[in-house]
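Need the complex rebuilt from these two chains, each delivered in its own frame; the hints are there to steer you.
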Amino acid sequence: MKSGFRQSMAWLHTWVGLLVSWLLYFIFLTGTLGYFDSEIDQWMSPETPVFQVDGRQVIPVASKFLLENAQKSDRWRIYLPVTRSSSYLWISYQKNKGKRHSATLNPYTGEKLVKRSTAGGQTLYKMHYRLRYLPRKIAYYIVGICTMFMLLALVTGVVVHKKIFKDFFTFRRGKKPSSWLDGHNALSVMSLPFHFMITLSGLLMLLYTLMPLVINAHYGFEKDARTQFFNDYFPRGEASEPTGVSAEMLSLEILYDKAQQLVGKDNIISFSITAVNDVNAQAKFNLIHKKPSDSEASIVLNAITGELISKNLQEKGSKSFYHILLALHEGLFANTSLRWLYFLSGILGTGMIASGMILWTVKRRNKAKKNGGGNLGYRMTEGINVASIIGLPIAIGAYFLANRLLPLDIAERAAWEINCLFIVWGLMTIHGILRAIFKSADNAWVEQLNLAAAVFLLIPLISTITAPKNLFTSLVETNWVFISIEIISLLVAFSCLFLARYLAKLFRFELVNDLGTKPTVVPREHN
Amino acid sequence: MNFSGLYRLRVLYRVLIATIGGYFFSVLVAILLSYILPTETKHAIAWSTMLFFIIYTGVIMWVFSVPTWQKAFWGVSVTSLFFTSILVAIKYLGVL
Numbered sequence: 004m005k006s007g008f009r010q011s012m013a014w015l016h017t018w019v020g021l022l023v024s025w026l027l028y029f030i031f032l033t034g035t036l037g038y039f040d041s042e043i044d045q046w047m048s049p050e051t052p053v054f055q056v057d058g059r060q061v062i063p064v065a066s067k068f069l070l071e072n073a074q075k076s077d078r079w080r081i082y083l084p085v086t087r088s089s090s091y092l093w094i095s096y097q098k099n100k101g102k103r104h105s106a107t108l109n110p111y112t113g114e115k116l117v118k119r120s121t122a123g124g125q126t127l128y129k130m131h132y133r134l135r136y137l138p139r140k141i142a143y144y145i146v147g148i149c150t151m152f153m154l155l156a157l158v159t160g161v162v163v164h165k166k167i168f169k170d171f172f173t174f175r176r177g178k179k180p181s182s183w184l185d186g187h188n189a190l191s192v193m194s195l196p197f198h199f200m201i202t203l204s205g206l207l208m209l210l211y212t213l214m215p216l217v218i219n220a221h222y223g224f225e226k227d228a229r230t231q232f233f234n235d236y237f238p239r240g241e242a243s244e245p246t247g248v249s250a251e252m253l254s255l256e257i258l259y260d261k262a263q264q265l266v267g268k269d270n271i272i273s274f275s276i277t278a279v280n281d282v283n284a285q286a287k288f289n290l291i292h293k294k295p296s297d298s299e300a301s302i303v304l305n306a307i308t309g310e311l312i313s314k315n316l317q318e319k320g321s322k323s324f325y326h327i328l329l330a331l332h333e334g335l336f337a338n339t340s341l342r343w344l345y346f347l348s349g350i351l352g353t354g355m356i357a358s359g360m361i362l363w364t365v366k367r368r369n370k371a372k373k374n375g376g377g378n379l380g381y382r383m384t385e386g387i388n389v390a391s392i393i394g395l396p397i398a399i400g401a402y403f404l405a406n407r408l409l410p411l412d413i414a415e416r417a418a419w420e421i422n423c424l425f426i427v428w429g430l431m432t433i434h435g436i437l438r439a440i441f442k443s444a445d446n447a448w449v450e451q452l453n454l455a456a457a458v459f460l461l462i463p464l465i466s467t468i469t470a471p472k473n474l475f476t477s478l479v480e481t482n483w484v485f486i487s488i489e490i491i492s493l494l495v496a497f498s499c500l501f502l503a504r505y506l507a508k509l510f511r512f513e514l515v516n517d518l519g520t521k522p523t524v525v526p527r528e529h530n
Numbered sequence: 262m263n264f265s266g267l268y269r270l271r272v273l274y275r276v277l278i279a280t281i282g283g284y285f286f287s288v289l290v291a292i293l294l295s296y297i298l299p300t301e302t303k304h305a306i307a308w309s310t311m312l313f314f315i316i317y318t319g320v321i322m323w324v325f326s327v328p329t330w331q332k333a334f335w336g337v338s339v340t341s342l343f344f345t346s347i348l349v350a351i352k353y354l355g356v357l
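Chains as they are written, first to last, in our numbering: chain A, 4 to 530; chain B, 262 to 357.
Extracted from the complex, chain B is given alone in its bound form (with noise of 0.2 Å):
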């Protein structure tokens, strides 16, 4: 196993973009989810909440699985950054 430096500060980079980055992708995915899913409101949060924790533990191993960690990092920012912009729209423009 390689213990060098910067082994060691990949595997950092990846901790931080699972626990930190992957939350938030999973939080929005979830609020998101809680507005389209097809039934009661009330319903729709529970079932969103219940669906984070699968969620999260997807997007965690994806990030570990990925070839390098600039390729995990884009993939969370990016898709985390659209999943916002559809949020915004939905909550403050009225869409949907």
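Bound conformation, chain A alone (with noise of 0.2 Å):
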């Protein structure tokens, strides 16, 4: 090991950094395209028209349709359009837990509405901790050690500063490991409050999973120990069962007019009813997120009477400081700037991510170019680092344009847009490996950005002839969601075509100068 606690933090920076650097890089680019899984969600389905109701207004048309669909079933649940995770009146029933239909309503007429079958935005962000492909519980894991090797990443990366702040003003531009150097720590340091908060709460989010011990050390080993420390922790109060004496419940106007008087208007997103019909009939209602600590708020009523049941609008202790960092952590409640600022932290990741695994291939570059281009662990670091770099970007590029090109009666439809994603990653990933291998990596990053720039032109292209909607209609309609999505896949378009070609230049260059047996000063590295 290297002598002196800083050099010590250095290596284990270096090591620890690279080693999950390419999961975590996917993590976080499809975490941070979380931010606006619903706005992706729309531009996913473009025929079906959004809603942002007065949620009063929809009661009606609601309880129409479940007194038309739902009258056997036991329970009942509604989701009001009231705000940007919920554009439709979503209605699901279910009868003695058997299997539950769901139908999603227009909130004015109570039609049907037709939806494509896409993966959309909800699946894109879910595989940041899901993964794709995997049991769950191994997904888990593997997040949940990414996540434990990005804590000690930013721990060390922290520590190895002498002057954490003057170093954030340093650049030296033009000389390349130092340049790198620079361009890493200012992505680190310009959003490590939000760096911190995501990788803590990245854990918590997975806590009992990653770390089921200490409840075992209280309630024991057997199979329901966890069970029973989450009903003492998390009690639920039980959702109410069906006893089989049926009563008259209150209307749901009713009843949500009751819930309003007691949360205040234009607070519930959502709303379930228990035993339905039912002398045990409950309504639970729950709030909208508007500040971290709303992410469990509810209360509930009688259904039948209408009196207030139980009532949990605020936390407290452990569960406070863990549902808060949970809510941070996922920004429901975050308004549209506070959105785009979560989103660019993300980015900022992203790019830390990113400029790390450059910065390791870019200090080790002299020296392997002396030997041939370097031994083999080095050019696979290389075509694995443009693989994701460049890749996983085209390939989400991809899942994109599958959306759109993918015939709309295929079965499994769905999954074969996420399969698209996939299929194409790997074979950028083969590109990668191959390139560095048997040519350069330099061919490789230059190749896939000129093809990064076609997918993502193409975006708004094929939209244009697909879609009913398209970048001049939403224009005209001022629809902030596909003028937003579409302008920012030209924007990546040509910032991936303005780096092709700088990169293809910046690489003859040095060729040429490689080339004239200049005697090149290796500067001393020590890690």
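I should point out that these hints are in silico values taken from the structure, not numbers from a laboratory. Among these hints, one or two may not hold up.
[Unchecked claim] Below, simulated DSS-like cross-link-like pairs (lysine-lysine); rule was C-alpha separation at most 27 Å, straight line: (1) A/K226 with B/K352; (2) A/K294 with B/K303; (3) A/K129 with A/K118; (4) B/K352 with A/K322; (5) B/K303 with A/K319; (6) A/K319 with A/K294; (7) A/K226 with B/K303; (8) A/K140 with B/K303; (9) A/K322 with B/K303.
Printed below as a string of structure tokens:
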């Protein structure tokens, strides 16, 4: 190991970072896109209108639908079209915990809305913790271990700096390893609080899956130990069960009005009725997340008499800390400007990871060039770097294109959109590694950047041809969701094109320099 | 950078001490905390489980920062044994 605390931490930072950077890059990028999951959902079902309605107006429509379709069910759930994350009236009903039926409705007319089968923004963002094609538990462990490494990389990254504040304002342009180092520092420090918050809360998301042993110490190792702890710690106020004695419930309108009196107007996002038309009937109202501490807020009413049964508006102690961190991670409470800030912080984090990956290779580049392009390990690293940093965005672009291009009536359409993402990513990985091994990763960088430019240029174009909405109609209707997504695609396309040309010039210049057998001073590296 | 076999072996030792030894150490400290934190048991469990990740991070950093891997090994194992004995005393001998 290295002598000195800071040197050994720099060593640890380098290797811990490199080991998980590829998966972390995937987690950060898909997670960041998740801050606009509902907006991506909208873009991916272009023929379906979206609604923002006063919740109270929708209740008669929901009520009518349930009376016509769900009289025999004992459990109803109603999501109101009142926030960005719910743009339709969504109703589900089930009987005896059997199959759950659901319907997406036009909140004005009660007509069923037709949606194309799409994985949407939801599946895209869920992959950042659930991954894909893996059993749930294994995926959680892999993501958990990566997150743990991320925390370690963050802490060691901070302690290696003697003067983190001064370093932040340092930028040595045009000196390769130093410029990359300064860039990496700038990206990291600019949103350091966000990085810590997102990493720590990411661990808390999977808390008891990753570390069940403290529970086991108190509750034993039996199978239901966890359930016992959860019942003690998160008492759900068990959903009421039907007794078989029927009774007449208050109408949904009256129940909704009573709830609104207790929690204020325009605060309810969804509600559920358990033991429908039974003496045990209860109505539980969930509140819109308007601040981080709202995440579990709800009230429960007796659906026969309208009396308040329980009220849970503020958590206490460790639970308050826990739920506030989870809420900060998800950012459901964030308004549009805060949401953009979240998105920007996420992009900075993604950039931090990418620049760290590049830094590792740039530092070893001179040495690698001296012995004909470096050993297999170095070449593989370079290849995989290209395949993640540029290959993954290409794959995500392909996912967006697949949404527009796959025939609407194929089976498992939503799953095939995701398969397209991974097939393209696989191809990019093969391309990157083969290029790096047999020629040089430099070629892979330029080629994949050009491809990325093409893919992201195609997104608005293909969308214009195939979808009822396109950039021009969106501009006329000022549909910001479509405008933003398609303009950002164009921006990404032109940035990639610019970068590809810049890198091509740079690599040619380097080649000329190297042929000139100019003696270069190899900087002494610590790590 | 020294890539001799001995160097690699030393790195491997530290990785094992940090990941496995550090894990046991942190679990033990977290469980111990869950018994002594001055709050309701369920909250103490929650706080200690959350603290586990912070402790683990700290231990890993410590293992990689001490001069020799032997010191890291003894540091982690002796303290772990010490905490185990306290835990046994609490859980099975009814101390506390």
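Now the hints, each set against the structure:
1. With a C-alpha separation of about 21 Å, the suggested pair A/K226 and B/K352 falls inside the 27 Å cut-off, and the hint holds.
2. Pair hint A/K294 plus B/K303 holds up; C-alpha atoms about 26 Å apart against a cutoff of 27 Å.
3. A threshold of 27 Å between alpha carbons decides the hint, and for A/K129 with A/K118 the separation of about 20 Å falls inside it, so the pair holds.
4. With a CA separation close to 26 Å, the supplied pair B/K352 and A/K322 stays within the 27 Å bound.
5. Proposed proximity of B/K303 and A/K319 is supported: the alpha carbons are some 12 Å apart, at most 27 Å.
6. For the suggested pair A/K319 and A/K294, the alpha carbons sit about 16 Å apart, so the restraint of at most 27 Å is met.
7. Distance hint between A/K226 and B/K303 is fulfilled; the C-alpha atoms sit about 18 Å from each other, no more than 27 Å.
8. Annotation: proposed proximity of A/K140 to B/K303 holds, straight-line Cα distance about 24 Å (limit 27 Å).
9. Taken as a hint, the A/K322 and B/K303 pair is honoured in the structure, with Cα atoms around 10 Å apart against an allowance of 27 Å.
Checked against the numbered hints listed earlier, the structure breaks none of them; every hint is satisfied.
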